Structures are given as structure tokens and as C-alpha cells.
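K.L.:
So you can see what is in the structure, the chains are spelled out below.
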Amino acid sequence: MAEEHERPEHTHQAGMRRRTLLRWVVGVGAFSSLAALASVLGTVKPPQTAQRGEKIKAGDVLVFALGQNKGAPLTPTSIVPQQAVLAFPQGKAVQDNLIILINLRRSQFIPPTHLNWLPDGYVAYSAICTHLGCTVGFSHEPMPGVPYPHIHCPCHQGMYNPLAGAEVVAGPPPRPLPQLPLVLNAKGELVADGPFDGPVGPLPGGR
Amino acid sequence: MQRQGLGWFEERLGWSGFREKFLDKAFPMHPSFFLGEIALFSFVILVITGIYLLFSYEPSAQIITVGGRSFPAAYHSVTQIDKQPFGLIVRQVHHWAAHLMIAVVILHLLRVFFTGAFKKPREINWVIGILLLLITVMAGFTGYLLPYDAFSVTASGIGYQIAASIPWIGVALAKFVFAGQFPAIGTIPRFFGYHVVIIPLLLIGLIGLHLLVMIKQKHTEPSSSRGRVAPGRLLGIPLWPQQTSLMVMLFLLMTGGLLLIASIFPVHPIELYGPPGPQTPTVKPDWYFLWVFGLLKLIPGWLEIHLGGTVLDPEVIGGILLPSLLILLIFLVPFLNRTRERQNYLEPVTKHPLRTSIGTGVLMLLLTLSAAAYQEVLDISLAIFRLAAVLLPLLVGIATYLAIRLFRGWRSKTIKRAREPLSSDR
Ligand code: HEM
Ligand code: FES
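Keeping their order, the protein sequence lines are chains A and B.
Per the numbering used here, the very first residue in the first sequence carries number 1; after that it's consecutive.
Per the numbering used here, the very first residue in the second sequence carries number 1; after that it's consecutive.
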């Protein structure tokens, strides 16, 4: 009788141990599979793109970003007064470095424009809208009902005042366009005298 | 001879059981019941034309040089497709069918909403249906980028920036979805995967589920069928041959119609748009995103919500938060309803004035916001649009409500005058 009593208990205990072992096996197995999976997920991460992030430095020569002169250095005679072109720093033609270069009259500028960055009345701003990153353009002639001159964005009609540090005058952009320090080099070319005075384009969420 | 042949199959396949079970299924008749079918057939046409495009499309944004000019490989391959015999028309049909599918799915949703077909027991199919709508829209968004022209790159870039504006996870999420900071070299291969494999598989699975649930639950019937057949039975035409011939006609009509539209009205002419460059063309998103686009315009730039150490800027509020809220509400529609009985007949829109007026109000809101996307073209100030976005939906909602009340009062009077007992379907 005693024996019969003990047996079920015995098997019960063995069962428990087997179960514990199984739990461990499944647990360790699941854990290591998940750990392996994590390394797979790592590969889903974007491949690093090469040229991105080459920032503008002092001494970078500005060149035409498009048109038939694409790649040619810009000089003060490249742009007619009251007109603008898009430019890149030479050899760093990535979208974040895109510059809008405008030829305006020197005396019209007011702060917060950096007044010492305006050789021959040229002003350079980042051409990337601070709203959602479209490329901005320049109002070539006065039009009824809108401020003149202005930098405008085709995506959501953001507007900036180029004479006042590209302050936002209309639309959704949250910040002015950052300004680029500009000088003339010995050859009379327009060159950057340092990086933009603020972050380019939209800021990441939460800031 | 023929009987023998069929008998041979009958012996092996037990064909008559299948026939009884499925081929004789009754299809209730109402013109609006074809909306779901049109959505289904648009999908079929998209799959067929999509497979054709697959043969020649090159999913890569690498810059290649052809005849001294450089293009992204994807852009160039699409210009080549346009030059193949029938290539352009197939691509145009694919694009038009995408518009049609989204439009029809929305109409299908409206028909289900306004007739109360979402009520018990059809809540599950409502949820599946909304998922189908969202995934169909995602198919449109991912497909839009694939030609990699100036327009599609700009539009997707804005999508990237909106996603990146989500606090905490935004940048990581956007980089994951777009395979890097847009425009990254990895974006096209990843979007190609979404558009031709993942999304179609999801759609096929969900459409299958949607239809299975519908077969199991039976279709709702027009209330004119009430009392004309035994309870639990449907009044309709059998799948074979009547409904099938209608479906074949519908499919052929749609194919013909899409070919006609595609050959008369070109859509997304990438040769005209050109490859992406430093400049941004003036873009408007596809029509089904216009309301979000308009909302982004109307939300003032200074509007920010400070929350738990982070900032929700206008882009998150207009591009993510409010649209998600609306979608969530739409998901909840059948669960806001507290009736316990099973709904087997279409309800007339006048039966629930509140539901109908909320529906028209929301529609008006979406229309106003979409019009706001064209604010600068319409030359109406943002302030007026902001006011309109609040007032117009309210006005339309209230007007709908009053109109239904008036109509019901008028109808019960005429019925009383006719001295007829109220028919049971009221
Ligand atoms: C890809 C998209 C979709 C396809 C291909 C599709 C297909 C269909 C088809 C063929 C039917 C039967 C015919 C009809 O009632 O019109 C149906 C029924 C139904 N669909 Fe969809 N549908 C889609 C999206 C949706 C959406 C977005 C909703 C809801 C928001 C929805 C909700 C329903 C419901 C509740 C039924 C049952 C209707 C009833 O019994 O009266 N579906 N669907
Ligand atoms: S991206 Fe420039 S205004 Fe929106």
C-alpha cells in the first residue's frame, strides 16, 4: 500500500522536473531565436548612404546647381539684379546644401539679416524650406496682394522676407531660412565663409 | 455523352454539393451592391497591369547615364515602358484603376455607413473594410514613388518629413519605412517590396476574409424584399448563371471604360515632369490626401502642444494626430451602436437622422479641407477657410437633420391621410 502511495507521487515529481526542463529548453530556445532575430532586424536598418552630410565649410566655392552653366562658379556678374539662382557648394551637391542666392540692393537689408555677409548685395540662404523640406523659389517680380520681394515655397505657400533674415511672413514654416556667410575670394568668385547660421530644413519631431 | 462527362466529374469531385452550396447562392439586388464588386475588379485589373509593368520596371534609384544624360534607373525604366508597344496605356490604366479603386472603396464605405449595414453582426466586416481602405491608400502612396520623377520624389519627401515630425520615434520610424533619410538609395527597393509584394498579399488576404465573412453572415437586403421569402432566406438572383453574367459584364465594362479614360486623359506624364532635381515642382498630393494637405495649411504655424517634455508641432497635429483620430472614430462606428437585434435589411437614410447628419457633416468637412488645399488658386484667405471648415460641416449636418425631420413629418401625414396602417418596414 505504501508503495502504491509513493509511486504516483514519484511520477508526479518526475513530471514536474520534466516540465521544468522543458520550460527551460523552450525558454532558452525562444530567447536565442529572438536574439538571432534581432541581428536580422538590424539589417533592415537603412544602408548608410555615402555622400550625405558633407557640410558646407569656409572657402567652398558656390556653383550653379542647374541650367546650362551647371557646375560653373558664380561671380557677382552671374545674376542680374532682383534675380536669384540655386547654387551648391562645389563638389557637395546634396539637397541639404542647396542655396538660394539672391542679388538685391545692399541698402535695403535690415536685421536680423547678417549685414556683413552681403558682398555686392548678394545674400545666400538655405533653399530648403523649414516646413517640410521643399525647395524654395524667389519672386521675380511684384504681384498684387503678396509682399515683394519674397522667397516662397511651392508646397504649402510658405513665404520668407529675404531682406529681413528670411523671416517667415506667411504660411506654415516654423523658422526662418538659415543664412550662409558669403564673401568674394581673390578670383572674384562667391564663396562660403562658414556653415549656415542654423539647422537646415525641418527639425525632427519633438525637437 | 455530356451527362456522362459530367457524371465522371461528379463521381470524383462531388460537384453537385458544391453547386448547391455556392453556385446557387442568392445575390440580393441593389445598384449600390455593385460598389464592392467594382472595388474588387479594380484590384484585379491593378494586379494584371501591375504584373505587366513588373516585367520592365527597374527598382533602383542609382543614377545611370544614357546618351550623355543621367537619370535614376527607375525613372529611365519607366520612360522605356512608355515607349514599348502598349506600355504607356497599360501604365495609364494601372494609375487610373488605382484612383478608381480608392474612390469606389470610399463610396462602398459610405453606402455601408448610410444604410446601417455595419450593425450587428457585421462589425467585423466593417473593421476589415476600413483596414482595406487604409491599405489601399498605402498601395497608392507607395506606388506613386516608384516612377521616381520630380513629382513623386517631392510628394514622398513631404510624407517622409511628416512621419519624421512625430515626437520620440518619428525619425527612427521614417528612416525605417523609407530605408534611410529620404531620398535614400535604399528607398526604392524597399517601396518596391511594399508595393508589389507585401501590400498586395495583405489586400488579397483581407479581401478573401471580407468575402468569407460576408458569405457566412449573408448580405443585407433592400427592405423591399421584406416578407417575400421565408425568414433566414435571401431574395436574390443565383450566382450561376445570372450574377456571374452580370459580373462578367461589369468587369468587361470596367476594363473598356478604363482603357478609354486612360487613352483620353493622360495621368502622371513622367516625361513632362522630368527626373528629380534640386528644384521643387508645384505639387498637390493625390485627391484622397488633399484633406490632410488642406488641414496642414489651415493649422496655424504657432499651434504647438507641449506634452510630457516634447513638442507636438503643427505637422504632427495636422498630418498625424487629427487624421488618426478620425480614422479611430470610423473604426468605432459599429461599436457605438447599442441595438441588440441582427440587422438584415438596408435602412433608409431617413431612419437615423443623427447618423445621417453626422455622415454628411464629416463629408462636408473633408470636402472643405480638400478645397483648402487649393486655397491659393481659389484666392480665398486662410482665415475664411478656417471659419468655413468649422461652420460648413455644422451647417450641412444641421440642414440634413432638419430636412430628414421635415421629410418624416410630411410622410407620416400623407400616410395618415391615405388611412393606411403603417407598413411594417417603417
Ligand atoms: C479593397 C477594398 C474592398 C473590396 C474589394 C470589397 C469588396 C466587397 C464586396 C464584393 C462586397 C459585397 C458587395 C457589396 O455589398 O457591395 C462587400 C461587402 C461589404 N463590405 Fe467591402 N470591400 C472593400 C472595402 C470595404 C470597406 C472600406 C468597408 C467599410 C468601411 C467595407 C465593408 C463591407 C461590409 C460591411 C460589407 C457587407 C455589406 C452588406 O452585407 O450589406 N468593405 N465588400
Ligand atoms: S514645405 Fe515649404 S511650406 Fe511646406
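What the hints contain is simulated information worked out from the structure, not anything from laboratory work.
Treat the hints with care, since some could be wrong.
[To be verified] Straight-line alpha carbon distances no greater than 27 Å define the calculated DSS-like cross-link-like pairs of lysine-lysine that follow:
no. : chain 1 : residue 1 : chain 2 : residue 2
1   : B       : 175       : B       : 25
2   : B       : 119       : A       : 55
3   : B       : 218       : B       : 413
4   : B       : 175       : A       : 92
5   : B       : 83        : B       : 175
6   : A       : 57        : A       : 187
Remember, predicted model here, so these are calculated numbers, not experimental data.
K.L.:
Is the Cα-Cα distance between residue 175 (chain B) and residue 25 (chain B) 27 Å or less?
P.N.:
Violated, because 49 Å separates the two Cα atoms, which is more than 27 Å.
K.L.:
Below or equal to 27 Å on CA atoms is what counts here, so check residue 175 (chain B) against residue 92 (chain A).
P.N.:
Status holds; Cα separation ~22 Å.
K.L.:
Sort out whether residue 413 (chain B) lies within 27 Å of residue 218 (chain B), counting only the CA atoms.
P.N.:
Answer violated: residue 218 (chain B) to residue 413 (chain B) is near 35 Å, above 27 Å.
K.L.:
Please work out if residue 119 (chain B) and residue 55 (chain A) have their alpha carbons no farther apart than 27 Å.
P.N.:
The given pair, whose Cα atoms are some 58 Å apart, is violated under the 27 Å limit.
K.L.:
Holds or violated: residue 57 (chain A) with residue 187 (chain A), Cα cutoff 27 Å?
P.N.:
18 Å, holds
K.L.:
Compare the distance between the alpha carbons of residue 83 (chain B) and residue 175 (chain B) with 27 Å, and conclude whether the hinted pair is satisfied.
P.N.:
Answer violated: residue 83 (chain B) to residue 175 (chain B) is near 34 Å, above 27 Å.
Violated hints for the displayed structure, listed by number in ascending order: 1, 2, 3, 5.
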